[in-house]
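2 protein chains.
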Amino acid sequence: MFFFKYPKEPAAMGSWTRPTCKCCISSAVQPLVTLELTENINMETKQWLMARIQEEKIVAGTELMVHPGEDDDGNMLLVSASQHVLLRAAEVLGFYKLYKDGSMISFSYRDRRNFQNSDNINEFLTLAECQFIILHTLENIKAVDEKYIPGYPTITLYPREAIFNRLRKNKILHTFYPLHNEELLTELGNRWHSHRNLSLQPIDSIYRYFGGSVAMYFSFLEYFTCSLIPMAIFGIILVSLSMDTIDKCILFSCLNMIWSTVVMELWKRQSFVLSYTWGTMQMNSQFEEPRADYKGLMGTNPITHRYQPYYPAWKRKVKIWLVSVPILCLFLGFSLYGMFVFFRAEAWVKAYHSENDGCWACALYLPSVLHTLYVTSMNILYKMVAKVLTEWENHRLETSFQNQLTIKVLVFRFVNCFAALFYISFYLQDLELLRKELASLLVLTQIINQLIETLVPYLHKAFIGKGAGLKKATMENAPDIDKIKSQGQMPPFPGMFDEYMELFVQFGYISLFSCIYPLTAILIVVNNIVEIRMDGLKLCHLFRKPFNSPAANIGVWQTAFELIGFLSVITNCFLISISPQVEEYCTENNIAPKNVLIWTVGVEHALLAIKVILAFVIPDIPQWVKLRIDRVEYQSLQALKHKLAEADKGHSRETEEKETWPDGITRSDSNESSLHMNNRQLNLL
Amino acid sequence: MFFFKYPKEPAAMGSWTRPTCKCCISSAVQPLVTLELTENINMETKQWLMARIQEEKIVAGTELMVHPGEDDDGNMLLVSASQHVLLRAAEVLGFYKLYKDGSMISFSYRDRRNFQNSDNINEFLTLAECQFIILHTLENIKAVDEKYIPGYPTITLYPREAIFNRLRKNKILHTFYPLHNEELLTELGNRWHSHRNLSLQPIDSIYRYFGGSVAMYFSFLEYFTCSLIPMAIFGIILVSLSMDTIDKCILFSCLNMIWSTVVMELWKRQSFVLSYTWGTMQMNSQFEEPRADYKGLMGTNPITHRYQPYYPAWKRKVKIWLVSVPILCLFLGFSLYGMFVFFRAEAWVKAYHSENDGCWACALYLPSVLHTLYVTSMNILYKMVAKVLTEWENHRLETSFQNQLTIKVLVFRFVNCFAALFYISFYLQDLELLRKELASLLVLTQIINQLIETLVPYLHKAFIGKGAGLKKATMENAPDIDKIKSQGQMPPFPGMFDEYMELFVQFGYISLFSCIYPLTAILIVVNNIVEIRMDGLKLCHLFRKPFNSPAANIGVWQTAFELIGFLSVITNCFLISISPQVEEYCTENNIAPKNVLIWTVGVEHALLAIKVILAFVIPDIPQWVKLRIDRVEYQSLQALKHKLAEADKGHSRETEEKETWPDGITRSDSNESSLHMNNRQLNLL
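Read top to bottom, the protein sequences are chains W and E. Counting in my numbering, the first sequence runs without a single skipped number right up to 692 at its last residue. Counting in my numbering, the second sequence runs without a single skipped number right up to 692 at its last residue.
I should point out that these hints are in silico values taken from the structure, not numbers from a laboratory. No false leads were mixed into what you were given.
Identical chains blur together in the list; that is why a pair holds if it fits in one copy or across any two.
Here are the simulated lysine-lysine pairs, DSS-like style, with alpha carbons at most 30 Å apart:
hint: 1; residue 1: Lys650; residue 2: Lys149
hint: 2; residue 1: Lys394; residue 2: Lys149
hint: 3; residue 1: Lys357; residue 2: Lys443
hint: 4; residue 1: Lys648; residue 2: Lys176
hint: 5; residue 1: Lys650; residue 2: Lys107
hint: 6; residue 1: Lys302; residue 2: Lys633
hint: 7; residue 1: Lys302; residue 2: Lys326
hint: 8; residue 1: Lys104; residue 2: Lys648
hint: 9; residue 1: Lys275; residue 2: Lys322
hint: 10; residue 1: Lys326; residue 2: Lys275
Produce the complete structure using the sequences and hints provided.
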């Protein structure tokens with residue numbers, strides 16, 4: 008274990024004394040976050056950085072604990088924090104915690120004894136939260152008097168610039184990552200991916216270890232898989248009874264449409280419950296620091312009225328609408344063109360093959376293979392282009408950057424994955440081909456995905472592990488340091504995008520074309536049971552631990568899944584109306600095709616209306632959560648009223664002349680008092 | 008003028024002294040609100056009520072000024088308030104006012120000198136706001152020690168019951184209404200309904216005099232009328248050029264669909280601007296007192312934890328879904344059945360008439376007349392039933408009561424008004440009949456509406472005025488008192504429902520069937536120009552002045568208008584596809600009717616998608632408003648951080664043992680600090 012020491016008393020500040028807090032001087036403090044500086048770091052810079060991290064808040068430091076790592080390269084810093092620093096930061100960040108009366112309220116340091124578990128810091132704040140606090144605190148270190156970074160006179164700082172982002176931008180700070188806790192990790196692994204039985208995941212432990220967004224993904228994955236089971240059973244029954252009638256088709260489609268709506272609505276409720284119990288539901292907004300790569304001309308920010316780099320929103324909008332959207336359309340055009348070429352080529356090859364019977368049977372597969380390659384490479388290419396574009400759009404916050412990137416890639420992937428299926432069903436209207444294509448896609452993509460997802464990091468680990476072994480031979484670090492270094496050499500966690508994308512495509516297969524191939528659900532269930540373990544294993548052992556971001560829901564993906572739900576009504580209605588069974592039925596009963604179409608459209612509109620009504624009627628927040636939130640809001644309003652009355656009482660004894668109050672606090676008081684009344688009308692039953 | 012006097016020092020409270028505030032002792036205080044108690048009011052009750060209104064806050068009074076009215080019946084109370092009481096209430100209610108730096112922030116009494124115009128109370132608080140404050144203050148008088156209402160031992164009070172609602176429920180308080188200010192009213196009238204030229208309305212003055220919801224309606228009426236002008240011009244051009252081609256029809260429909268979307272989106276922005284400048288945008292929620300007619304078993308409210316009458320939400324839901332909705336459906340069934348009977352009868356009468364040529368030409372109109380009577384009586388009947396049902400559903404708040412009632416009546420009226428038109432267009436597919444019906448409906452309903460709206464109150468006034476004259480002869484009150492009494496004898500303002508309903512039906516005619524009858528817009532413009540004056544006149548002179556309710560938007564109506572927009576895409580696409588021009592075109596170019604239908608459906612879906620995207624892309628809040636709100640939020644967050652840091656600094660010098668703080672205030676502090684960070688992510692450009 009490392010011994011974190013207090014910074015020595017800065018000589019200039021003799022009049023200040025540190026709060027004496029016994030919890031901070033302990034041999035058991037574990038490092039939480041590692042900073043890797045550039046190799047051959049200037050000693051002056053390193054010492055300055057350590058000082059800035061350690062210094063007292065009063066001189067714009069963070070009061071965190073920092074340890075120079077003592078590795079051979081001398082470019083590592085280990086950061087941890089004492090209990091009281093963590094708790095105070097939790098208050099500033101507005102963490103919601105469990106109060107003694109069982110409600111979730113925002114943590115208050117003064118009132119901490121009334122919060123459950125607050126005597127045991129490891130119970131009270133999760134590992135992920137502690138690491139998030141340190142990340143946030145580090146990112147908020149602002150330049151005070153420094154005109155440039157000590158040791159690098161060319162790297163100038165503007166007043167109150169966030170130092171950390173500047174260090175990252177200039178590659179002085181190479182990388183930084185939260186550290187694994189081996190004890191907790193082993194325990195989590197035993198209950199999760201190494202667990203032999205088919206049991207539910209320990210979502211709460213995942214949340215405690217990895218934080219909100221990761222736990223939210225695994226919770227969604229589990230929820231989605233479980234919700235598929237009834238569909239899977241129903242599909243198996245249908246196939247095994249082989250009732251190939253029109254009733255079956257319609258029944259299955261209707262079931263499917265209701266299923267997709269209800270599942271997404273119930274998930275919304277489920278995610279509200281999760282984020283309420285995690286305390287992320289209400290805390291979710293903060294003043295984020297701008298991204299490290301945010302560029303802007305220095306100017307006066309119209310909101311903060313500070314001299315800052317600042318980039319007007321309209322310029323970003325112009326970039327999005329005049330460049331990014333057209334480029335997206337261009338890529339979509341390429342993708343669609345590729346599809347047409349593929350269908351032509353396939354038809355041509357088939358014709359050629361049947362003419363020159365027997366020559367090169369494997370050439371029949373050539374168009375498919377080429378098309379798959381084309382689609383995959385387009386996916387990769389567009390993702391790269393989208394990253395560059397989104398970077399160039401110059402978003403200020405990481406969250407809006409990620410949102411924009413997700414939307415761009417999502418739209419492209421959707422078209423790329425489903426265009427062929429839509430073409431077959433709407434234009435060719437060939438249900439047999441659609442069924443074949445769907446089955447092959449389902450099996451192929453899932454196998455390929457699983458292989459890529461797991462093999463690549465394994466190979467990476469094997470390769471890097473070897474490299475690290477070589478390094479170890481030449482250097483002689485303490486074993487603790489080596490463990491930490493090896494974590495830094497793992498690939499960084501790439502984020503949840505690909506995982507969600509996979510679920511999104513699955514959801515598309517199921518709800519858009521389910522009536523064609525009822526076995527979709529069971530295939531996906533099997534795949535996902537494997538997926539849960541694989542993803543868990545990857546996250547625990549193949550990647551660097553990611554920083555937690557508090558997640559209240561699955562964000563953009565909720566909308567994307569709901570849109571698929573609406574699309575599914577259109578496709579299913581259409582597919583049924585062109586199915587051979589319906590045609591048969593019509594010729595038997597002598598119904599004009601025009602009337603069939605009118606009926607289809609009528610039913611489709613009715614189903615869409617039902618979906619909208621259903622989404623409106625099912626309340627988003629479960630009653631018991633709403634009740635508790637209302638109770639807390641009621642209490643805070645009561646306390647506020649009380650406070651105003653107190654101020655009023657005290658005030659009325661003063662004379663009118665004395666009443667010129669200082670500006671700042673008064674305004675903040677009044678703003679507080681009313682801002683939090685916004686947007687909601689409390690209905691006390 | 009009335010002389011409001013201070014209450015005499017209550018004997019029991021010798022130790023308390025009133026704040027000496029010179030503004031309160033003035034001969035110029037105008038009465039703002041009149042309470043009319045029941046005739047032969049018990050003197051003990053009247054004195055108790057006056058005492059409760061006058062008493063100091065410290066003994067749960069309101070510190071308002073009250074005057075016994077001194078009329079002959081002795082059942083009147085005139086209420087007013089001093090400047091400092093009004094200002095303090097404005098803080099408690101969270102009014103947003105213009106700060107010296109030009110932003111709207113919630114008013115703070117301590118900081119009042121920094122708000123613009125705060126030295127002149129009549130400039131600073133509008134008449135409507137003052138009256139709203141008095142209403143709210145009166146409704147918040149709670150029972151303290153009283154076990155029953157003095158003078159009425161049978162009327163028991165539970166602890167902290169709102170006295171005012173109890174008095175209303177037991178008819179001891181007959182009625183209460185805000186008073187007109189004749190000077191302001193004349194001035195407003197000259198700039199508004201008596202104005203000869205076609206100019207815009209003085210919306211701001213209307214807001215100041217009548218308050219948010221009234222001003223919002225007139226603003227919407229004006230906006231809607233203005234936005235119709237281009238459509239009207241376009242319609243006239245089309246008709247005068249008599250280009251009866253397919254292009255014209257399609258062009259007009261497309262224009263119309265885009266128009267309806269853009270108009271409603273821009274109105275949303277417009278209403279945000281209005282409510283921001285009025286300060287109602289952010290203040291809009293408060294703890295409303297329950298409705299006077301709210302019933303519930305006494306029990307512990309799970310939110311307030313108080314012993315209160317309380318009615319569980321699930322019971323209300325059961326009532327709504329199992330009784331109110333089925334009854335609505337039943338009425339809809341009656342309405343549709345009536346329509347079918349009407350169409351049958353008309354066909355029969357026509358056939359009969361052509362058979363027996365010449366006999367009773369006027370009998371041809373009999374079905375129409377009977378149907379109109381049926382529709383009107385159903386409208387009236389259902390409105391009564393809906394009121395009873397909504398009352399029985401036992402909503403706790405007046406706002407949710409009004410919402411439920413509006414939705415119920417809205418749905419019924421919509422079906423009742425448009426069913427015949429839908430039947431003609433979708434089932435009969437007879438465009439000629441549709442055109443005739445539409446034209447006659449437009450002209451007839453508008454004339455009838457105008458007549459009813461203005462004639463009825465005029466007659467009422469003439470009749471009541473006579474009655475009041477008789478009364479005057481027998482009693483000899485001061486002229487001031489008589490004026491006030493005559494205001495009380497005017498009919499109470501019935502609310503905005505019928506006015507909005509009229510606009511809603513207009514919007515339906517225009518957007519659902521515009522391509523059939525392009526002159527719709529010009530007819531409606533003419534009607535609305537008259538309507539504005541009529542409504543203004545009515546509000547100023549024919550009704551009692553209504554209490555202001557702060558309105559941030561047009562509420563349910565926004566959704567209703569947007570839904571019409573979506574429906575209009577469906578109807579317009581369908582109407583075009585069955586129009587004779589399209590049929591002609593198809594037979595000329597040899598296109599199968601099935602393909603026409605497929606195209607129609609495709610275009611319809613594309614248009615719906617465009618509408619959704621358009622609604623998503625046009626930002627709801629104008630950039631400049633968002634910027635100002637963000638600036639205020641940023642400032643308050645900064646101040647909050649500062650405050651936490653101060654607390655932290657002060658705190659860290661204390662020892663750990665001293666830190667058991669009292670509960671109430673601490674919790675409220677922490678809740679304030681984070682509740683107001685909810686739901687929004689500040690993007691500082």
